Every structure is written in C-alpha cells, then in structure tokens.
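Chains as they are written, first to last, in the working numbering: chain X, 8 to 319; chain S, 8 to 319; chain Y, 8 to 319; chain B, 8 to 319; chain P, 8 to 319; chain W, 8 to 319.
Read the hints as simulated data drawn from the structure, not as lab findings. Note that the structure is predicted; figures quoted are calculated from it, not measured. Check each hint, because a few of them may be wrong.
Where chains are identical, the list cannot tell them apart; a pair therefore holds if satisfied intra-copy or between any two copies.
Stated by the list, open to error - Restricting the straight-line Cα-Cα distance to at most 20 angstroms, the calculated cross-link-like pairs of lysine to aspartate or glutamate (EDC-like) are: (1) LYS138 - GLU296; (2) LYS43 - GLU296; (3) LYS110 - GLU50; (4) LYS312 - GLU125; (5) LYS259 - GLU134; (6) LYS312 - ASP198; (7) LYS284 - ASP35; (8) LYS147 - GLU296.
6 protein chains.
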Amino acid sequence: MIGFFLVKSHAIKSTNNNTRYLDLVLGDKTGEINAKVWEITAEIEQFFEKDEPILVKVKGLITEWQGKLQFKVEKIRPVLPQDQIDIADYVQTAPYEPAFMYKKIMQYVAAMGDSELEALVSKILEESKEKLLYYPAAQKNHHSIRGGLLYHIMTMLRTGESLSQIYSNINRDLLYAGIILHDMSKLEEMDANKLGIVSDYTVEGHLLGHIVQGIKRVDRVADELGVCQEKSLLIQHMILAHHNVPEFGSPKPPMIPEAELLHYIDMIDSRMYDMDKALSSTEEGALSERVWSLGNRRVYKPMNKPEKPEAT
Amino acid sequence: MIGFFLVKSHAIKSTNNNTRYLDLVLGDKTGEINAKVWEITAEIEQFFEKDEPILVKVKGLITEWQGKLQFKVEKIRPVLPQDQIDIADYVQTAPYEPAFMYKKIMQYVAAMGDSELEALVSKILEESKEKLLYYPAAQKNHHSIRGGLLYHIMTMLRTGESLSQIYSNINRDLLYAGIILHDMSKLEEMDANKLGIVSDYTVEGHLLGHIVQGIKRVDRVADELGVCQEKSLLIQHMILAHHNVPEFGSPKPPMIPEAELLHYIDMIDSRMYDMDKALSSTEEGALSERVWSLGNRRVYKPMNKPEKPEAT
Amino acid sequence: MIGFFLVKSHAIKSTNNNTRYLDLVLGDKTGEINAKVWEITAEIEQFFEKDEPILVKVKGLITEWQGKLQFKVEKIRPVLPQDQIDIADYVQTAPYEPAFMYKKIMQYVAAMGDSELEALVSKILEESKEKLLYYPAAQKNHHSIRGGLLYHIMTMLRTGESLSQIYSNINRDLLYAGIILHDMSKLEEMDANKLGIVSDYTVEGHLLGHIVQGIKRVDRVADELGVCQEKSLLIQHMILAHHNVPEFGSPKPPMIPEAELLHYIDMIDSRMYDMDKALSSTEEGALSERVWSLGNRRVYKPMNKPEKPEAT
Amino acid sequence: MIGFFLVKSHAIKSTNNNTRYLDLVLGDKTGEINAKVWEITAEIEQFFEKDEPILVKVKGLITEWQGKLQFKVEKIRPVLPQDQIDIADYVQTAPYEPAFMYKKIMQYVAAMGDSELEALVSKILEESKEKLLYYPAAQKNHHSIRGGLLYHIMTMLRTGESLSQIYSNINRDLLYAGIILHDMSKLEEMDANKLGIVSDYTVEGHLLGHIVQGIKRVDRVADELGVCQEKSLLIQHMILAHHNVPEFGSPKPPMIPEAELLHYIDMIDSRMYDMDKALSSTEEGALSERVWSLGNRRVYKPMNKPEKPEAT
Amino acid sequence: MIGFFLVKSHAIKSTNNNTRYLDLVLGDKTGEINAKVWEITAEIEQFFEKDEPILVKVKGLITEWQGKLQFKVEKIRPVLPQDQIDIADYVQTAPYEPAFMYKKIMQYVAAMGDSELEALVSKILEESKEKLLYYPAAQKNHHSIRGGLLYHIMTMLRTGESLSQIYSNINRDLLYAGIILHDMSKLEEMDANKLGIVSDYTVEGHLLGHIVQGIKRVDRVADELGVCQEKSLLIQHMILAHHNVPEFGSPKPPMIPEAELLHYIDMIDSRMYDMDKALSSTEEGALSERVWSLGNRRVYKPMNKPEKPEAT
Amino acid sequence: MIGFFLVKSHAIKSTNNNTRYLDLVLGDKTGEINAKVWEITAEIEQFFEKDEPILVKVKGLITEWQGKLQFKVEKIRPVLPQDQIDIADYVQTAPYEPAFMYKKIMQYVAAMGDSELEALVSKILEESKEKLLYYPAAQKNHHSIRGGLLYHIMTMLRTGESLSQIYSNINRDLLYAGIILHDMSKLEEMDANKLGIVSDYTVEGHLLGHIVQGIKRVDRVADELGVCQEKSLLIQHMILAHHNVPEFGSPKPPMIPEAELLHYIDMIDSRMYDMDKALSSTEEGALSERVWSLGNRRVYKPMNKPEKPEAT
C-alpha cells in the first residue's frame, strides 16, 4: 500500500534482542494505524528528530490480526511540494475559521457594559491569542480538534446570550466572562502542536489542572488591572465550580446563578458535540457503538427526519 | 392577634385524654403557622367539612417556644364578602396569567411543522387544560406555585427555541413536544386544589410516578391518533430519560440529542427558579441559608449590581 | 479440521485493501469460535442471505495466538439430511419440554381464585405463547438458553407457592400474576431466533426497556378486559419495582409485600442458576473462575458431598 | 391519668439547679412515654435499684407539647398481686410459645442426615437454650420482640425446607445449619432482659459484632467436637457472608449456593415481618408512614382483599 | 442562677407580635446555653454594639424542656475588674503558649537545608504571625481552640521529622514546607476573634476555600521571592492534594510521596485530637457518644490502663 | 536467545487439535515472559512434576506481537551446579536479612512492659517463625517480595515507636502488638513457596480472609495463655478494623486510638513502598505510568533533588 499520512507520534524503540525500530502512529481524517519501520536509515532518523507534525509518503504492507491493523513500512519520506498535499485534509478542524471565531468572541467582549470585566477578559484573550487560534478543547473528548477551544467558546456565548435574555436577573457580562475564561488554561494544561494535536499534559497540568491554573491566572491579571475584588472572586468561583461536583474536579458547587448556568451551557455544548459526532457514523434506525465520553451510552439515530420547521 | 389566613390543611385530632381539637395549618404569602382550635362548635365543624381551600378570619394568641410559633385560636370564621379579601394576596402564583401562558404554549404548538407531533401534543394539552391552568409543578420544590407547571413549560419552550437555532441538527418539533409533555402527568401524580396547593401524591403517583404515568398516556393517545410508532417511542423515551440518571428516576439515559437537551433545559429552568427564590430573601454581600432543593447549597448575592447591558 | 457447527452470526466485511470476506461466529454446545471465509462464492453468499440459524459443515485450519483461536475456513456447506445432525446437540435448552412448562404454568393460572387476575394473565400468556415457547430470559446472563424464560417462570412459581403458604398474609394470586408477567416483555425487548439465541435488543428495548414495555402492555390488556384499576396498578407496580433499586432499573422500590417477594424470588432463581452453571465446570475443593453475572465473584465447590437427606 | 406500665428504662438525673429526679420510659403494647418523677422517696429509690423489668402502677398528668407527650408522675408503686396484671399484656412476643418453637427447630436438627453438622448445631443450641427462649433478634429492627430470634429461625427453616426441594443441588443440612447459627451470637452481641428488651450492645458486640463472634464460636465448638474442617469452614463462611455486601458487614460475598440462599431467606423473613408490621397500622387504600428499617420506604395497603385462594 | 459567661454570639430579634429581645449564646468551658433578654435597656443595647467577645455577669432563670435548656436573663452586665475573672477560664486553648509553638516551628524552618523553601515558608509565617498566634484550625472540628492551628502544625512537624528519618527517600524540607503551609489560608477562610472563636467563613472562604486560597498565596509569594518554579508547583500540589480525594476537596490525588505523607500526618493529628477529646469525657469500660467528626463513630475507653512502657 | 530463568508457573495444556504443550511463565528480576515448549520429552515432563520453584537454562526464539512477547522454547534443562547461578539474582527480596528483621521485631517485643501482650505476641511469632522468614505481604501489591511481611512489620514498628512518643496517651504495647499481628494470618491466607512467590490464596483465605483468620488465632492463643479478656478483645478489634472501612474488609471502624493509628501506619508503609517502586523506574521531571495499587494514579519524580538536610 502507498499513501500519505500525518505522523501523530514517533519513537525509537528496541526489541528484546536489541533491534532498533521506529514506532509510528500514522493518521488521516478517518483514523489511525500503528506502523513500524524496521530499517532505520540515518536519513530517516535525522528527519524525525525535528519535533514537528509531519506529513509523510509511505509504502508498506498492512496486516490484520483479530481486528487490529498493523503497518510494516518499507519506504518512508517527507511530503514534497510536488506531492500537492493539503494538510487540511489530514487534520480535523472546527467548521469556522479561527480568525472569524476569535473576532466573533471579541464582539461579545465589546458588547459588555462592565468595563472592568471587559478589560480583564480582553487582556487574557490577547495574551492567549496565539495558542488559542489552533488549540483543541481536549486531548480526546469533545472538541478535540484544531480550533476546538475557540469553537466551544463561541457556541457557548451564543447560548449565553439567549439565556441571559430569558433569565433576565442574570448578570450577562459576568456570564460572558465566565464562558470565555472557564477553559482558558487548557492552553497551559496541555501541550498541543499547531495542528491542534495534544501530545500530553504539562507537568503543571498534571499536578494542578486547568481549573486551578485558570484561577491563578485570573487572580494575577485582575490584580494587575485593579479589577474590583468581588468581580475577580466571582470569576474565579465560576471557573472553580464549572464542573459542578467534586468528583469531576469542582470542590465547590456553583453558588451564584451565573456559575450554575455556565456549567449547564458547557454541558450542552460538549454533549451536543459528542452526540453529533457519534450519530454522524451511525445509520438511520440504528444505535451507535458505546461512546466513552457519553458515559458509555449508545445513541440512536431516528429513521424519521425532522420535518422542515417553519420560522417561529 | 387578629388576621386573615388561608387554611392550608385541617384535621380533627384528639389529645391523650380524649379532648377533640381542630389542628390547622394557616398560611399567607410569607409562610405558615400551626394553629389549634380547642373549642370546636358545630358551626366550625360543619364549615370545615367542605374540602375546599378556605380563607378565614382568626383571632387568637401566638406563643413562641424554641423558635417555633404556635397559634391558639380563640375565634375563627369564614371570610365574608364585606371583608374585601383578595385570595390572590394569600397564594403564590406564577408571574403571568394562566390563560396567557396557555396561549403562548399553543403558539409554539401551532408553529410545529410535524403534523403528527402537533396533533399528539394538542390532544394531551386539551385533555389537561382544566387542571393545567392552576397546577403547580411540584409539591415543595421548584415552581410549587399556582400555575407553576404552565410557567415551567412556557419558559423551557423559550430556551428550546433558542437552542434549536444554535444546534441546528436538532429536531425542533420533537424537542417542543418533549418539553410540553415531560411533566404533564404531574397532573395525575399529585392531588392539588384550585389554589395550586398539593395535599398529597395520588396512589398511582406513589406506586408508578409521573414518568411512567406520562409514558402510558403518550402511548395511548398516540395510538388513538395513529401517530407513527417511532415518533411515539421517541417522545416516550424523552419522558423516561429526562431525569438523566437512574438515581433520580430515569432507568435509561438520554439516547437522542433532543432527550439530552430536554434534561438540561429542565435543569436550567428549575435551578434558576430556586436560585432566584433563595436570593430574593438574601442581603447583598451575604450568603443564603442552605437550600434543600439545591442539594443543600448556600448561594451568594453579590454586592456589585450588574451594569446595564447594552443591546447586542 | 472438519466439523459441524451452528452459525451464530455472519457478516460480509472488507479488509483495508478492499478484499471482501465472510466473518462468522460458529458455535457448538462447548463454545464459540471466530471464523473467516476468504473466498466467497456466489453459492455461499446466496446461502447466507436467509436470516435463519443454520447448521453448516466446515473444513479449515485453526490457528491459535495468545490464547485466542481463529478458524480459516476452506470449505463450507449447509448440513444435508444425510449428515444426520440433530440441532438439539448444538443449542443449550431448558431441562423441561416447552409444552410441559407452559402447561405447568397454566395450572398455576387455573388455580387462581381471582378471576380478573386470571383473565389478565391468561390473555397475555396466550398472546405471547408462540415466542414464549423458545425465548431465553436474557441475552447473556441467567437462563440465556432456549426455553429459558418459561423455565425461569415455572421455577419461580414453585417458590411463590411455598412462600405464600409460609407468609399467609400474602395475596397469592397477585404474587403468581407478578411472577408470570414480570419479564414477559423480554419478548419485545430482545430479538431472538427460534433457537433461543438473541441477536440484539430491539430499538424499543434499547429506548424503553422490558420493564416499561411490560407496564404498558399490562395497562392495555387490563383496560381491554375491564380489570379493576387497583389490581392493574398493583401488577404494574410489581413489574416496575422488581429490580428493587434505581441503579438496576426500578425507579420505585417495592411498596407491597408481593412486590418485595417477587424481587427475592427472582434473585434466588437467577442466582441459583448462575451458581449451578459456574460450579458445573469447577472441580471439587476448588474455586471457579470469576463470574461476571455474580458481580465478579468466584464460587467454591466443596469436597464433601451432602449426605443423603432423609425426607422431613 | 392512672394506669399500669412497664418500666422500660430508668435513671436518676439532675436539673441545672441540682434537683434530682427520676427519668423513666414507661411502655405498654401500644408504645412508650417519657415520664418524670420529681419527688423521689427513699421507697421509690430503693425499689428502682433492682435492675429488673418492673411493672408499676402510676398516677400523674400527661402534657402535650408540639406533638410530643410527657408524663409528670404524682404517684408510683410496684404492681401488687391483687392488681391481677399479666405481664404478657405489656410486652410484645412472638406468636408461638418459645418452647414450641425450640422444639420445632430441634425437629429440623433431628432430620439432618449429616451427623457432624447435627452435633455442631445441637451443641450450640443447648449452650444457648436459656437465653434463646426469650431473646429478640434485634434491638429495634425486625423481630425485636420477646422470642423473636427463635421465631425468625423457625420461619426461615420452613423456607429453607421448601427451597432445598426446589433447588435440589443444595446441601440441605448445610443450609439448615447456617439458618440456625447465622444470628446466634446476637445472644452475645446484645444485653437483653427476660422480657426480650435490649438495653444496649455488649462491649464485645460493639468492637467485633455478632458475625465475628459467631464465627469464633462455631470454630471453637467444631474444634471440640472434631467436626471435619471443611464443614466448619463452610458454616463460618455462611455466617460471614450472610449480610451479602461489605457495607452491611459481610467482608466476603456468598461463595457457595447455600450461603447465597441463606442471605435471601434472611432478607425475606425480615422484610415480610417489617412490612406486615407497617401495614397492620395502615388503612386500606392508604400508604404507611416512612419505615426506617425498610430503607425509609412507605408501603401501600390495597383496598382489594385477596380472594380466597383454592388449594393447589 | 448567677454566673459569669462568655458571649459567643448576640443578636436583636423580634417575636411575632413585634417585641424586641436580645438573643444570646452564652458559654463557658463546659458548653453553651441559649439565653434571652426580654427587657433591653439602652445600656445593654449600647454595650452589645461593640463587636468584641465579652464576658458578662448574668442572673436569671434556667428552664428545661425535653432535654434542652433555656436561660431567661433577668440581669446582665459586663464583667468588672473587681470580679477578678480570668478569660482563660472561659476559652479552650492549646496546651502550649502560642509564642512557644511559633518559636518551635521556626526552629524547624531554620533547620531546612533548602534556602528557597526556607525563604518561602518564613515569609508566609511572618505575614501570618499576628493571626496565627490565636487562630483555631477549624470552626467546629479538630483543633477548634485558641492557638489550635499553631498546635496542629507543631505536632505534625514532629511526626514529619520522624517519618523523614524512617522513609529516607523523602525530601524532608519539602515535607516541612507542606506541613507548615497546608492549612495556612484558614486564616483567610474563616473570621475568628482574638479568643479563637470562629463567627463564620469569609465570602472568599465560601466561594473558593482555604485550599485554593492557599495555592494562590504560595504562587504569589514564591513569585515575589523568585523561588524555582518546580518547588513552588510542588508545594501548591501538596496543598491541593492534602485532602486526598475529590469528595473532600482535593481535585488531584497526591502525586509525590511528600504529598501522600502530608495527608496521613494530617489525618493522624486530627484523629488523635478528636479521639482524645471524645475519650476525655467517657468512663472506663464504656463507649463515648457518637462523634460527628469521626464519621459518627463511637469510641471505647478500655478498663485496663497501659502499663508503664520502658524506654526502648 | 539463551538465558537462565526462574519458572514462576508451569502447566501442561492442549491445543484444539490435541497437541500437548508445556505452558510456562519464566521470570527474572526485570519481569516475566510467557513461554511454550512444543516438544515435551519424558525428561522434561518428569522434571516439572516436582512442585518446587526451579531455575532453568533455556534456548529459544522470542517473537513480538502488538507489544507482547512470546518465547518459543527449543531447549530447556534445569540449572546445574556448574552454571554457578545464584537464585538471589532471580527473586526480589527485602533489603534486610530475614533473621535480622526477625530479631529486630523481637527487640520491640522484649521492650514491652505488658507481660500478657508480650506473651501473646511471642507465642504467635514463634509459631509463625518458619514461614515468616520468607513470606511476602501480598500476592501482587505492596511488599510482594521475599521477606516482605517481616520488612513491613519492622518498618511499621519504627513508626509506631515514634508516634507513641508524640501521642503519649497511646498504649504503646497495644500498638506494637497490633502492628505485629495485623497481617500475620496472611501466612494462612496465601500459599507461597520459599522464594516468597504466591501461587494462590488458600481455600480458607478465599472464604474467610486473613482478618477473620487472624482474629480466630488471637482468640485461641490468648485463651490458651489466659490473657485478660479485654486485651485479647482489643487486639482482635485492631485486626478487624485495620482496613478502616467496610468496602476494604473492615466491618467495624477503629474504635480505639491504637486501632486508628495502626490503620494509618499501615497505609503509610504500603504507600511509601508503592510510590518508591513506581518512581524507581521513572525519569526525573516525568510522570510514572498509572499504578494500579495506588488507585490508578500516576506519580511525579521532581527534577530538583532534595538538598542534603542538616540534622535537626
């Protein structure tokens, strides 16, 4: 078989009798395959030393055993310009352009009436802009795609806008600020490359987690900007409580309505994402496989398509 | 003390030495008090035989012990026209007129594109209309006020409308139908009087519960109307799964996106209600008492009022 | 290797490089093996189109890897009359004849003093008779054998008979009715073939489950027969509560003694079945493997055989 | 008020300003009342020094406050022969004579075919006979009545007899032995007087509990009698596992079918007892109060009485 | 009754018929009593306006009802010098002088070999010294006494010293730093007066909690001092993980041995404190009441006193 | 490949087509490998009949598939004297000599002031000495090495010594006795060979477990020696409660301070062991793999080495 693949991870390993080989995970949009290069040339070795996502052209033999595939690589080389390969075909990305989504979010910020919250959110967005344009929202779960974090925030803001009209006692600006900042320290919790692929959690991510990291960051920036203490505290509380229960990482439950809403808006957006994804590969009238991120549920795709709704 | 009160419950009891007395719970909008009438005249007895909510004028002595109050009634009589008492001042009611809310819900129904779902929902609404105009949504928890169930449904529909625009894969009509029907059998699960006060659960309510009662009802009506089986099944599933987890009464988790959304829309509406209620009697900068229906949380009322949001 | 096997499932699949193959699960009484047919002839394809359990004669090569076996099929053809193969040797069945068990159950029905319950149970048994004669009680757990559901009901009735003598306040007819109907909608929850092998759950089985399906059925039939409402409600409650706790699918706990007994009679029968099965392949003085359906327990088979009990 | 009462507990206490008074719990079959004797004569004091259950004649005043009654004693004296009071009217007892129940159990023992188990059980029954004739099976829960433990064992043996006929692989003698011994060390776990009223747990009962106490006892007696080690071990295991799960005191789950059956027979007998008791004070068509020992459930008493069953 | 008491809390309240009264909680070392002053003079009112702990001389009448005492105050005045009352007799305090304990802790700090950790800990101790000298470690649980936090830290350091000798791979300085800082932000989580009595949690304490507050503080001070990032991170992790499991407030489990030890040293010190306290009011050979902070356990006080151990 | 290995388990098995082969688990200090001998000579068969740990010399081929290795053995023979192989190189052992550790423990015993406890502990140690010198403390978890149980006890005694100085109300001798005896019946719960390798649990170990076994043993020996009943009871309680919660096998929680301490000393020693082990194969600045015995946690190895602590 011959094909173009993205190198999702690579490592030199040794067999028991000390033969060195290159162990790869190759991927395209449809999935991943484990591959092994048994003859490592100096060229290949050098090529893989650069820690960058790489597209390669590969020739080899695929074997199948008990449902798992393995790829024994015979030839491998980097993609060349003349191959005319578009990396976008190999990486899952959000359905909107990062720049567009960032701009959309900035419009919500601009609409804020509370200048302190606006300043706080703006500063953190600016500091984060570079990574934010490509970071996913997770390593494996919902929105684990290029630009996924931006997409998650933007969609949540749309819901936040509606709900703050329906529940008019809500402090809308506080809700917006909470939505924008709740997962921002995922940028510090995970190491992701420019393709939005997470290799691992950072050490601080492992030992503290994005919730605590996010609180420290808001605390520092609010302090620098002289934001009123209560507002800073409320945002920190919203970050702390957004997983709702201790078992999922929130030692305090939501204690203001905006924190409660933030939790549900977050749940809705992640669950709709995961369900859509599961149903996209399910046939009508059938159930999906069990979906780990949905608590091991299976989901059903109805045979009846919704009839075209009229405008209300 | 002399005052007008609503009789929330009444019973003839006996003391150890066989003195008969009338045990009352009297209420107004601010709360309840236990009252005892030690001299029961034939007049009083006859008056309390009618099992209807009644307004009374009472004179008596309030005593306090260890923080609990008790009211020893000396005189009691029904309210007379010349007292010019408005029952609305004694009963908590939804902020909109029942007829208005019912009409609003019917507009959502009318906007449905799916004629089968429209017929199903319309029929059940019609059958239920009489009780629906005054029933609360619960005995003690969220929306336990006159017209509370209508108010709960109407607000949820507003959220459902927004979310079906944001998540456009959603079958909007199915979501509307689920919202309207999810708690409808609370009308059969609880016994409530015309003031929206629940005296108890019905026997069927105890032994089956509104979820199972609701499923049976949808099953029957859909059958009568010849609604396509899958649609009926999906609605029944949405009712079954709307409490999300077995511990709260849903043996099956939501397995279609509309069922998942229904759960969260329900949670949001009940939580916003309970939080608003808790905060309404809390001072700024302080925490409320523990709120049982919020999992025994206390909620915080910020000192900073939200700044007037501009229109977005 | 050459042998006769039952085809437990079959599907046409493709390898990565688009070679089509037939993927089979072949079984006999001792277990199952995965088999692959790499050369699919028109004959074979046609033969597998009929969705019926089939006995085949197979020749091929068994390979073993890491403890799992795989069967590469070289020749395969349907069993012919001259092969003189008895399907009963290939399928696990209950130790009594279906007709005998059905008749035995009908004797319990006939002994009922309550004519309404008798009518209700009789009608549902009749409606269900055809499938009931071969359905198992589960896909994988206890009584997942041909005729398993009948066998489960019959044995439970024997225990119910004894217990209603020991606990004489019990409404015996109600208990019998609950025993007979508690799992009846497994016939609608699962798809099983005539050999009692379950291929999958039905869509309604997935979205509602046999408990809710059973309640709807009792509700409908009781209505048709004009059974008194309380009796119908009590049976529905017994079905609803027979798993005892929400985590196992019963949103309401047993609230009448008959429902409580039903739960324990059900547990005893399923546990005795699973323990007997586990011990049948265990040596004396040793422990079985872990048994998933017994909560991952291991069970012990004593060295001492029970001494012959005298009649009491 | 004047009446005869059983003294269920008594203690000399002091008020804040050092007035000594006698604090009593007085009871009859219908319930209990707290009573206080404010003037303690030497006579009264002496009379209460003997730590024996006593019947008294009391005169005094009952007051009611917030639903709780209190009894201010004016006169109190021991019951005299001429009062012609029968203590049986003041104490709840099992519906059969202790001697009858003991004899019934001995018949099951005599029917055992396994002489070692018979010897083991006989010896422990003999050692325990004196206390067994009046001990309850619990301080507050099921069978907390005079002779309750005997009654519990006898009824369980009846069920054990039936089930060992239905599930014929069962080692009946082992099951009988387990039933008879499973709760025997309640005699050592609790301190009860001759009326079957438990004052408290013993220290060893607190620190080890009747399960561990029972295992040690079987171990010792089996050793003395030279019972085969495996049989002794199986009985000990049955005692250890009879609460089924760690949360209820069984660190090991049942690992032989007889242990599994023992658990369910125990559950059935205690649940039927508690339900009967709850329903005995409930009206037809109504629900009982919440019952703590039933996991805070309410139980329902149907309006329809069971129709007279014919003999099967 | 006449006596001297500490005013633990005080509030002006109104009865139903609008009589104002002063509601007090009065305490001494033995416990608390609720007291009411029905005639509030201007003098009394003014005297209670100062929000300071106060000793008062009180005359009044104690009444008892159903086991609860209430104190109707007739006369009340502040303690005067001539009363010669020592406040130390009214407040529970640690068994060592605050200054001594603080010095002891500073000796552990001085012994640190790691100058960065030494600087970090020293700075925070200095910043906190004033409050640390009198703060308790909790509002109600273990070490809720004047100087309780210092006492808790000092004892834990002694254990930490021993364990770092036994488990020599441990980074002793890191362990010391963790012990000293783990509860330090209780100073910010709770409002306590100079007597070590906690009136309430602070708003930040409610919304974030001392664990998150402590992490932010270490983060800030380490930053100011230029402490190496990994060291700061490890201390923050130790604070985050010291409650061990999410349900008790630690979203991350201990991931370094020093964090694991910190948790157990903390548990040992609090449990020994609570058990000692419970046993101090228990008789030999008896069990204590249930102790809420010990998970509702009762503890036993043996009759046998330990024999004098020889030095090892 | 040619090498020397320890035979950790061996069994004759058959393939589907009835070829017999020898299935081995071979190990050295670095790990284990599955091996198969396809040609079984009479010599080999005889050699493996002796159920003793054996060292073998093996020649064969290692193959790798999906990360798992398998060893096809071509030649195999027992180790001969001339091979000069030291078994100690093939088995993990405690860092101290068994005789040294035993002697160390006896010094703690000798230092006891309480002669009854000393006698009790001495007798059980003597009875157990032979197995104690090589038994591990577990089959797979902490201290599952040769001499692991002795090592566990000795280290715990060191901690017990320190803590009984810091918490001086503790009955030191009781604590020592509890530490020495808490796991002693692991000698009866597990079958281990002289290399400290556990093949399986004993039947009594499965059905009762080392906690109950240990209690029975203390009960018996204390009885024989005439130890005062309360002391015996307290030791039995400490054994019963040392896992702290029912879910981990302790039906009673610790009810004396010595039992509470025993639990924490046990936890500390096992956790430090497991963390050290996990970190020994982790690089600085990195996280370990998930460790099952640490509740699936990963642990972190800091880059900063602890600076040399001064003596305090």
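Each hint tested on the structure:
no. : hint            : in the structure
1   : LYS138 - GLU296 : neither (34 angstroms within a copy, 28 angstroms between copies)
2   : LYS43 - GLU296  : neither (29 angstroms within a copy, 23 angstroms between copies)
3   : LYS110 - GLU50  : neither (43 angstroms within a copy, 62 angstroms between copies)
4   : LYS312 - GLU125 : between (43 angstroms within a copy, 16 angstroms between copies)
5   : LYS259 - GLU134 : neither (28 angstroms within a copy, 27 angstroms between copies)
6   : LYS312 - ASP198 : neither (41 angstroms within a copy, 25 angstroms between copies)
7   : LYS284 - ASP35  : within (17 angstroms within a copy, 39 angstroms between copies)
8   : LYS147 - GLU296 : both (17 angstroms within a copy, 18 angstroms between copies)
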